[in-house]
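Enquirer: Quick mapping for you: the protein sequence lines, in order, are chains X and S.
For the first sequence, my numbering gives the first residue as 1, with consecutive numbering after it.
For the second sequence, my numbering gives the first residue as 1001, with consecutive numbering after it.
FYI, nobody ran anything at the bench for these hints, they're computed from the structure.
Values in this document were obtained by computation on a predicted structure and should not be read as measured data.
Incorrect hints may have been included.
Chain S residues, not near chain X, derived (Cβ > 12 Å throughout) [to be verified]:
no. : residue
1   : Arg1044
2   : Arg1076
3   : Ile1089
4   : Ile1097
5   : Gln1112
6   : Lys1127
7   : Thr1135
8   : Val1143
9   : His1146
Using 20 Å as the maximum straight-line C-alpha spacing, the simulated EDC-like pairs for lysine to aspartate or glutamate come out as follows [as the list claims (entries may be wrong)]:
no. : chain 1 : residue 1 : chain 2 : residue 2
10  : X       : Lys11     : S       : Glu1069
11  : X       : Lys188    : X       : Asp174
12  : X       : Lys11     : X       : Glu33
13  : X       : Lys45     : X       : Glu97
14  : S       : Lys1127   : X       : Glu161
15  : X       : Lys45     : S       : Glu1164
16  : X       : Lys45     : X       : Glu25
17  : X       : Lys11     : X       : Glu96
18  : X       : Lys148    : X       : Glu161
19  : S       : Lys1127   : X       : Glu96
20  : S       : Lys1127   : X       : Asp134
21  : S       : Lys1027   : S       : Glu1069
22  : X       : Lys45     : S       : Glu1113
23  : X       : Lys7      : S       : Glu1251
24  : X       : Lys11     : S       : Glu1113
25  : S       : Lys1127   : X       : Glu97
26  : S       : Lys1120   : X       : Glu161
27  : X       : Lys55     : X       : Glu161
28  : S       : Lys1127   : S       : Asp1085
29  : X       : Lys109    : X       : Asp134
30  : S       : Lys1127   : X       : Glu104
Just so you know, even glycine gets a beta-carbon here, dropped at the ideal spot from N, CA and C.
Residues per chain, in single letters:
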Amino acid sequence: MKEVSYKISQKYCQGATQAQRDFQEALKLLRPESEETLLVWDFSKVTVVTASYLKGTLYLALFSGMLNARPQRDAGEIPLGARSLPLFTGVAGCNEEVEEEINEFFAGKQMGILFFSKKEDQKAGVTRTLGAIDGALGRTLDLLSQLKSGTAADLAAQSDERISLNGWNNRLSDLYDRRLVSRQRAGKFWVYSTLAERIKSGSRLHTR
Amino acid sequence: MRLDSTAVEALRRLIESKGIQNLASKKFASATLSGALEFLTTERIVRLSDPATADLLIRLVEEVAIVSEAAVAWGRVDQTRLDGDIHGIRAREFWRIRQVNDMTCEGFQLFQERFVRSAKATGLQGKFAMALASTFGEMCDNVVQHSGAISGVYSGLAGYAVHEGAVGFAVCDSGEGVYASLRGSPSWSHLASSREALDAAVLHGASRRQGHPEGHGFKTLFQNLVDRNSRCRFRSGDACLHIGDGTAGREAQVLSSPTLCGLQMAVYCHAGQKAKEFDA
């Protein structure tokens, strides 16, 4: 999978106008748009961010990827400006205030987003999820992270949880729909992979 | 005489009742930030239909520096070149919002940075000052997103002022106003007046965007301001909404106001006491 980083250049990120500009700029990194891409929004220069900005950037990017994974959705559910893109979205470089704002924003949307540790901290760092991720999905993501990649059968063999193979398939498929893992077809099975070396579901922060 | 938002409302009532000539010999000696911005919006609108009354209004404030500074800023062609230290603190400063680039350019970021430094220098805590900067930015963005442009040009002016522990910031425009803006949305077409529209936009997050009937801008404002000794004023059409003016938390008073198009918003905060409008 192609991986690109969009470095947000401003310190104060607010409003739909800035968001629209940054979203368009970030999309330029995806060309050609047919290729599966992990787009990491680098917040290392950002001091404060507002919900309006997140709605016009991260939410739109994440939802565009989700539309690609599962195109059949209620029209009212699709945010204005979202379109199907083979896109996975994450964030990096957030200070604590920015992390908290992103965490609360996505918790309110019942969505999760990956918070990557910085490249230079990759060995020591653990990628977290911000926002809301259901306990069963969180455990599935953590288990897949231990394996790096695997099928539903691989996870079933590794776990003590007594759920059917179909249940594991559903969980993995749900994680893919939410753009928290990638997948590739291998014969008649899907092989799922995490988007970072080490993932631990859940934020360091407590969602209010 | 001080030109505050109440005085500007009184001026508009006098204009409506044709009694403004009675003030011909008077002069305002000072102005608050919101007074200056609401005054300039009033003068701009009056000038379209009655230049003589607009001239009289200008004579009333010719000794008030903040009004002339704001007027100059509103008419500025190029605001990328500023006099003085671009990082330095200011007692007051203005930023006109005429095009999309005014919200996305580096100059606007520097304007916000100076706002934060100035607020901190007068005694506000750093985190609170930065939260205010994002609130201020949301209010400015509202001009581009909702006021409506004429031939691609917006009519916004933003400003801040600091004085002895107090910080004020305000944004005005002479655009279509909250009622007309929301009436264009199927989700809010049932609104029947500016009062209802202001209440819906400020207190319930109403937004005209299709597919996004609820906006985040005012939520950010309240998140950052509630229980912080703050005082907010929102004015559009013939309605005015006050928060923190004898009220607690998000409790609001919706009042009537002599008609003026566009939306005018002001926020006052104080480092240690209940905020009020102050001479800027």
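Enquirer: Are S/Lys1127 and X/Asp134 close enough, with their CA atoms no more than 20 Å apart?
Expert: Given pair S/Lys1127, X/Asp134 is violated - Cα atoms ~32 Å apart, limit 20 Å.
Enquirer: Please verify that the nearest CB of chain X lies beyond 12 Å from S/Ile1089's CB.
Expert: holds (17 Å)
Enquirer: Decide if the proposed pair is consistent with the structure: S/Lys1127 and S/Asp1085, CA atoms, cutoff 20 Å inclusive.
Expert: violated (23 Å)
Enquirer: With a cut-off of 20 Å on the C-alpha distance, tell me whether S/Lys1127 and X/Glu96 pass.
Expert: holds (12 Å)
Enquirer: For S/Arg1076, is the shortest CB-to-CB distance to chain X above 12 Å, so the non-interface label stands?
Expert: holds (19 Å)
Enquirer: With d taken as the least Cβ-Cβ distance between S/Arg1044 and chain X, does d exceed 12 Å?
Expert: Answer for S/Arg1044: holds, closest chain X Cβ roughly 23 Å.
Enquirer: Please verify whether X/Lys55 and X/Glu161 have alpha carbons no more than 20 Å apart.
Expert: Given that 20 Å is the threshold and the Cα spacing comes to 36 Å, the pair is violated.
Enquirer: Confirm or reject the statement that S/His1146 sits farther than 12 Å, beta carbon to beta carbon, from all of chain X.
Expert: Nearest chain X Cβ is 10 Å from S/His1146, so the label is violated.
Enquirer: Given the hinted pair X/Lys7 and S/Glu1251, is their Cα-Cα distance within 20 Å?
Expert: Measuring from Cα to Cα gives roughly 40 Å; hence the hint is violated.
Enquirer: Taken at face value, is the distance from the CA of S/Glu1069 to the CA of S/Lys1027 at most 20 Å?
Expert: Since the Cα atoms of S/Lys1027 and S/Glu1069 sit roughly 17 Å apart, the hinted pair holds (cutoff 20 Å).
Enquirer: Taking only the CA atoms, is the gap from X/Lys11 to X/Glu33 under or equal to 20 Å?
Expert: violated (29 Å)
Enquirer: Decide if the proposed pair is consistent with the structure: X/Lys11 and S/Glu1069, CA atoms, cutoff 20 Å inclusive.
Expert: The hint is violated at about 27 Å.
Checked against the numbered hints given earlier, this structure breaks hints 4, 5, 6, 7, 8, 9, 10, 12, 14, 15, 20, 23, 26, 27 and 28; the rest are met.
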